[in-house]
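S.K.: Listed below, chain by chain, are the residues.
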Amino acid sequence: MRVITLPVSSQVLGSLRAGEQILLSGLVATARDAAHSLMLKTGSVPFDIRNIPIFYMGPSPAPPGRVIGSSGPTTSARMEPFIPEMLELGMKVVIGKGEMSEKIRKLFHRYDAVYLAATGGAGALASTKIKSRKIVAWEHLGPEAVSILELENLPVFVAWDLHNGNIYTGGQ
Amino acid sequence: MKDRIKLISGEEISRAVASLYSEACIGPHSAVETKLKDILALENPGPGREALEIEINNLRIAAETGLPICQDTGTAVVFVEMGNLICIPDCSLGEAVNRGISLACSESYLRSSQVFPPLGERKNTMDNTPAVIHLEHVTGSELNISVLAKGAGSENVSSSVMLPPLAGSEGVINLAESCVRAGASKACPPVIVGIGIGGNLEKSGILAKKALLRDMGIENSVTELADLEKKITDKLNLTGIGPQGFGGATTVMETRILQLPCHMASLPVTVCIECHAHRTSSCVL
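So the protein sequences, as listed, match chains A and B. Taking my numbering, the leading residue of the first sequence gets 2, the next gets one more, and so forth. Taking my numbering, the leading residue of the second sequence gets 2, the next gets one more, and so forth.
Because the hints were derived from the structure by calculation, they are not lab data. Small disclaimer: the values here were computed from a predicted structure and weren't measured. No residue lacks a Cβ here, since even glycine has one placed at the ideal position from N, Cα and C. One or more of the hints may lead you astray.
As the list claims (entries may be wrong) - A partial selection of chain B residues facing chain A, derived with a Cβ cut-off under 7 Å:
1) PRO48
2) ARG50
3) ILE57
4) ASN59
5) CYS71
6) GLN72
7) CYS88
8) PRO90
9) PHE117
10) ALA278
What the hints assert, rightly or not - Output of the computed footprint for chain A on chain B, the stretches with three or more beta carbons under 8 Å from beta carbons of chain A:
11) 30-44
12) 62-68
13) 102-115
14) 183-189
Claimed, not checked - Only part of the chain A face toward chain B is listed, based on derived beta-carbon distances under 10 Å:
15) PRO47
16) GLY99
17) PHE158
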């Protein structure tokens, strides 16, 4: 299994193939519905969207002695209304779960962006792969606040690659 | 009569609900784990099988660390069967249950996902209350409580429909198939399909959810429904959607149906999709 360290070069991005499981390390930013709405409303993305992938995730509270609580992906399809603008701003990698529409898949392809699927429901396992968490915007949103996470070997699957590969249709 | 009344304090109910909700969210859930391992044995190598392995490992990690299985600790759905000889002298059942949910949320570090009002501000209630409570009044002196932590990923792909009255089992199969084809990959499969047939608009939804509470591997006591369940499970597994939607032999672990009489001009049906983790726990007071 390949270990991919973020930020990822366009060469490495191009080498990913739909259906492949990889271990992801490095920085990602969490954002869900409310944070996306605020990012577009305020016109400010509180992280480097070109180099830091967005992880669609809102954790459970961190118990004492832990960096973060349970941390699995949320349903990506809910973010579809925000995706065209985020791609336009330079988003290259998204981590979420579940199939998104064909329209969005084509848009990812046009912008040379990759969709990675983490395992939905596997939040306890994901929590053990997160080494640090720093809230960077909209703390009042609680689990929906934008935070920067440092991952160490989070298992994810390449859902949509740069070559029209699609895990949801058997990699074709 | 009076000396047969059984008093149960609100505090006792709150403690029981808190334990049930925590246990539902964290586990261990040995029946689910065993079922997922059985399914794993049937899956060919590929991303679907690999995702299933992660799902199984995750259940173990949650039980070992005390972290919730999934960050979405759900809407707390609480089914209560209350014997007619039970009396809660100090508060309402709803107050006792909601105090329990709130307690579990803070003690076990569960995520509060309830927001109000649903339109506009959608401010978090901060303790995951209110629970959705379904009360059945029965004879006897027992208080039977089941808690289901129902995540939004699977709830969002569920559906209630008023079918034509003579749509029959084909109508039910088609509804289940459309829910699973359109939404299963978003619902963290392999899923359980709960189906409520009959009652009316709201009752079919409660039936579908209650159907999910049946123990793993238990056949429906109504032969026709047991056959229909098997037919639906087998048909939906031919879709090849597989674990997490990554392709595979098992998309649906089990189908579970409950039915009630309905109006002669109606056929209310709800299909309630449940994620692979199936976080539920119950007790009797």
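S.K.: Checked against the structure, which of the hints given earlier come out wrong?
M.R.: 2, 3, 7, 8, 9, 11, 15
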